[in-house]
Amino acid sequence: MDTILKNEFFRRFISILLLIFVWEIISRIIGDKIILPSPINVSESIKYHASNDLFHHVYITLLRVITAFFLAMIIGSAIGIVMGRRKKLDDYFDGWLILALNIPALVTIILCFIWFGLNEVAAVLAVAINKIPTVTVIIREGTKAIDEKLVEVGKIYKKSRFEITKEILIPQLLPYFISAARSGLALIWKIVLVVELLGRSNGVGFKINEFFSMFDTTSILAYTLVFVLIIMSIEWFLVKPCEKKLTEWRL
Amino acid sequence: MHELNIEIKKKIFPLKTQNKEGKNLIFKNLNLTIKKGQFVSFFGPSGCGKTTLLNIISGLDKDFYGRVHQWSKKSQNIATQDITTQYSFSNISYMFQTPRLFPWLTAIENIKYPIKKKKNSEKIAFELIKKIGLEKYKNEYPNRLSGGMQRRIGLARAFAPNPNILLLDEPFISVDKKISNSLRKLLIKLWNKNKPTIIFVTHDLEEAIVLAERIFFFSNLPSKILLDYKINLARPRKENSKAFLSLKKLLSSKTRYKKNNPDSNNRI
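If you read the protein sequences in the order shown, they are chains A and H.
1 is the number of the first residue of the first sequence in this note's numbering; add one for each residue after it.
1 is the number of the first residue of the second sequence in this note's numbering; add one for each residue after it.
Be careful, since some hints might not be right.
Calculated pairs, DSBU-like style, for lysine-lysine (alpha carbon to alpha carbon, straight line, at most 35 Å) [what the hints assert, rightly or not]:
| # | chain 1 | residue 1 | chain 2 | residue 2 |
| --- | --- | --- | --- | --- |
| 1 | A | Lys159 | H | Lys35 |
| 2 | H | Lys62 | A | Lys158 |
| 3 | A | Lys149 | H | Lys62 |
| 4 | A | Lys245 | H | Lys35 |
| 5 | A | Lys244 | H | Lys131 |
| 6 | A | Lys87 | H | Lys195 |
| 7 | H | Lys117 | H | Lys28 |
| 8 | H | Lys138 | A | Lys244 |
| 9 | H | Lys116 | H | Lys62 |
| 10 | H | Lys116 | H | Lys131 |
| 11 | A | Lys155 | H | Lys28 |
| 12 | H | Lys119 | A | Lys166 |
| 13 | H | Lys248 | H | Lys131 |
On the chain A side, residues computed to face chain H include the following (Cβ under 8 Å) [as the list claims (entries may be wrong)]:
| # | residue |
| --- | --- |
| 14 | Pro171 |
| 15 | Lys245 |
| 16 | Trp249 |
Don't read these hints as lab results, they were simulated from the structure.
The model shown is predicted, which means the values in this text are computed figures rather than measured ones.
Each residue gets a CB set at the ideal place from its N, CA and C atoms; glycine is no exception.
For reference, chain H alone in the conformation it holds in the complex (with noise of 0.2 Å):
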């Protein structure tokens, strides 16, 4: 079976101010395990250790106990609290909160960075810009484009890779509805061209529902995961439909967060 196990026995996060039980412990014992090309989302409350999950797949946080592994062929043996592996997967993708564009770099050359030792990246990300639809600004640099066309482009970066792993933290936080709604399309679009594995953080609700197969729903501190629920609406999948409306209610009635204390409301 190709998938995405994620066994994480303690993850502390090193802060100086501490919650009552005298340490930031973020997850215990939290055990996930993905298919390969499911397009999941991790819902849940800000704070809850989502970005910190999504850094610790991706191999930028390290210190925790626990692993992570790519395409197990069964795990051998259990990690132990000493045991921290994480597998560097080799193609992975990570599309952040902000797009994170080089300021420095036009629109294409952004695009191209992932890829720019392949021979054929001019090709890949020109076909990239032409499916976003900004073929026109492809030499203009992010500071001179909008913040919607700024993260067009940090997706195309995201997929010029033809990534196996896609990670996406709240990509389309603070821009409006409308065109929050054309990059989620855009997205799905993308995807389905080599369906890579997809996890998407986001805490809203909808959003989640309208992109994922699968969705985790987080815990306030220490995270765990209240539900893991599999989405089986139709696609392209409309938010004033009955059925969508049925199953947000029946989703947000079944996760209903507790008010946290306000000092855990910080986001991590």
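Only chain A is shown next, with the shape it has when bound in the complex (with noise of 0.2 Å):
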């Protein structure tokens, strides 16, 4: 017992059952299933809506969270370098960018929808503008960060603008990337929903939306978890591995 607590990922399917667990117990003592439905009632309603139209609607949206995700990110990154390397441009839009970060999700969604019309171009859109921002501020700090002890080492090597940038600037900036991306990614999903919910009639949102007038907890969370566990793979499968390859100097 004692050697395989000290296993890590025993210690996280431990901790996994436990919340499992704690639900059930939670979900007895209330009884009612509209205000808590106990896991099994949740597991039951994941297979039916499985057999119907779930993974037509969690696709839709993920297509949705990816397009504004790599929107978002390569807006945000450019921004972000760019300011961080002219000490100017920074001093005239640091004020636009702190305006930008304080616009709330809910009004940039509702302006976009008035500007382009309830489609999914202002869907996208809204999402993206709403992440730009904070993308840009990471990157912009990271920009600010880089090591121009480095850079020389380039120039005496008369190395370009080009190759400075890909083999000197970028892998500084790296760890910054891989932040704002996570960050990014648990963001832009959640925004993603509140558009479907206003201005779409497909998607994850509109679906919960359409629960939620029928007081049908128990398809919320089926639907909630199944995205969930979608955006914890990316994380666990895609971003972390990444990240691994990405900073193994680091260690």
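Reassemble the complex: the two chains are provided individually, in unrelated frames, and hints are given to aid placement.
Written as structure tokens, this is what we have:
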């Protein structure tokens, strides 16, 4: 037993079991499916929805998440790098950035729907616009932290601007990219749901709104759980291994 | 004649804190000529502008009046105050005070970095890592290696492009004596192969005498050359030999530095 507990994987497994156990106990104490259905109810609901249209909606939401994610990462990083490298531009636009950071997600979403109509472009754009400022801030800080002394090494050996960016700047920014990606993924999928609830007729957010009108808590949790699991697997099987590979030199 | 000519009319350090004269004048009318393949040392107190001079020669610092040119065929016209010419030397290498290795590259990748585009870079890098005795560690990241090993790799990287001019800025500072001795031996060994022009900055007189064929003694700011001395001791030079000790005594008596005012003591 003692040796098993030393295994990290095993401890994580125990922790999940514990969570399900606590959930079951509380749902039994409450005894009302509308307030808190039990894990068994939810798993049955997942099974039911899976044979219906669950994966269709999950797929659509996932597509929106991924598109908005890459849009936000690319635009946010580009602005962040420029602002980090150019002090003057940073002075000019720092105020704008703070303003953008403080606009509530809901406001951006509604404005996008008003300006561009209730369509896919507006939906994805609204999500990306919400995320861009945070990515910009993280990448700007990373760019400011770049070690100029290493850039000088590149200059001595007559590397071009492109080579210096690729070989010296980007490797130093990687940890910041990863942290922006990680926080981005978590934030974006939550905003996507709100967007779907407000102005789309498909996707997880739309379905949750539908279940809400029927007080179907079990289905809400079923959909949520499936989507959370997908986002978590992206973190575990994609982001984490990438991070490990890219930053192994830091150990 | 293949020479490295340095003519600096004026170099001011753009600091807000100013000294008594109201400006941070580092060099005024400084002229040096260094023969091809010579091992030269710049010796002087901390903060006398030695690093600044290396940065000017390397082209990293272009903010000065004057010019630096390599292998000149008789200088055509004398540099005026308004001309700044830094000929981009095609094959220069620089080893800094800290090794400045890329932490995300392995030892061998670091050595290969300056010559990455060449076809035989792999072979050159491997030969160098063998020469510095670290072939066992070729796939290790710098953070996992000792300070002495990191400096060996830095030295190998500096020699990788087979430079015409190699600048070294107190490269063996802050490692213990035994290791710095072995690094010096390694430097001489690598230099002997193709004999690039070396400029070695130090504030350790013993180190300058062990390594250099010629020592330039720099004054405090504004920096001038106090003495230009040729060293004729045979190699390998032993720090405890009679000739070495008497030369060291002679040179340190000739170049006694005045106590400089405390604020100019800061590093530049």
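Verification of the hints:
no., hint, verdict
1, A:Lys159 - H:Lys35, "28 Å, holds"
2, H:Lys62 - A:Lys158, "15 Å, holds"
3, A:Lys149 - H:Lys62, "16 Å, holds"
4, A:Lys245 - H:Lys35, "48 Å, violated"
5, A:Lys244 - H:Lys131, "32 Å, holds"
6, A:Lys87 - H:Lys195, "43 Å, violated"
7, H:Lys117 - H:Lys28, "40 Å, violated"
8, H:Lys138 - A:Lys244, "21 Å, holds"
9, H:Lys116 - H:Lys62, "26 Å, holds"
10, H:Lys116 - H:Lys131, "19 Å, holds"
11, A:Lys155 - H:Lys28, "27 Å, holds"
12, H:Lys119 - A:Lys166, "20 Å, holds"
13, H:Lys248 - H:Lys131, "31 Å, holds"
14, Pro171, "5 Å, holds"
15, Lys245, "11 Å, violated"
16, Trp249, "4 Å, holds"
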